[in-house]
Amino acid sequence: MTTTATTTFLLGGDLPVNRLGFGAMRLAAGTFDGPARDPEAGIAVLRRAVELGVNHIDTAGFYNRGAVRANELIRRALTPYRDDLVIATKVGPLPGPDGVPTGKAGPDQLRGLVEADLRALGLDRLDLVYLRVGGLTGPDTESIADRFAALAELREQGLIRHLGVSNVDAAQLAEARAVAPVAAVQNSFENGSGLLADCEAAGIAYVPYFPLGGGLVPLDRERLGRVAARVGATTSQVALGALLAASPSVLAIPGTGSLDHLEENLAAGGLVLGAEDLAELRA
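Numbers 0 to 282, taken from numbering that gives the first Met the number 0, label the letters of the sequence shown in order.
If you're looking for bench data, these hints aren't it; they were derived computationally from the structure. All figures in this text were calculated on a predicted structure; none of them were measured in a lab. Errors might be hidden in some of the hints.
What the hints assert, rightly or not - In silico SDA-like links for lysine to any residue, alpha-carbon gap of 20 angstroms or less:
hint, residue 1, residue 2
1, 103, 149
2, 103, 144
3, 103, 151
Can you build the whole structure from these sequences, using the hints too?
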């Protein structure tokens, strides 16, 4: 049997996190251009997530819609923060006139973005900051050395504990690692899944965004349904279980603005998938 028995990961070598965490993108709105959600609902979801064992929350300063901002909801819901809570954020994208993060911050703008996250979250130091590069699709091919070096300087100054990169290719990951240690890589299932083996070998967390899209590879809905019926789970739970079974270095961060969906997602941590189930999903 293949299970998700390895439930924790040592992020950056010193921060133990549960491999099934929470992504904050959907707290403010269902999509970047969708209507704002009720902030009290987001606060309730965050508090319930921590009650259910989540100690890794992934957020960003550009996760907002109108006056509803994910970082402020996290601060309102969870301060004073538990000692074991790890909050990861991302910097790099700049919101355009419509609020969609289509702009790109230069090296000299990153300090301001990090300081804004510190203020919004009510923290003196950020546990993990990703440099998010490229557009809303796949990675670009630009050098990231200068931007990553700017974050590395903030790490040296004590504003950041660990650094990560998001939406990168193999060359950009290597470029970042030549500048400073990389604790985590966050890519979509559509690009970068070939980096998983490198991350596993180096002790780097691999954190797919859009994890319910399959995380590493797109999962066929018909196969998901067959496996879900066989193991007595929902298709979302099977998708998350398959993701966690892919490697002990994988961290899943499903996001939702619904208490019911939150509890459904987090129940995937106890799901047992057999070798036959995984083979069918990955065929």
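Structure-based check of all given hints:
Simply put, residue 103 and residue 149 have alpha-carbon atoms about 14 angstroms apart, close enough for the 20 angstroms limit, and the pair holds. As the CA atoms of residue 103 and residue 144 are separated by approximately 15 angstroms, the hinted pair is consistent with the 20 angstroms bound. Only pairs whose Cα atoms come within 20 angstroms are accepted, and residue 103 paired with residue 151 is accepted, the gap being roughly 18 angstroms.
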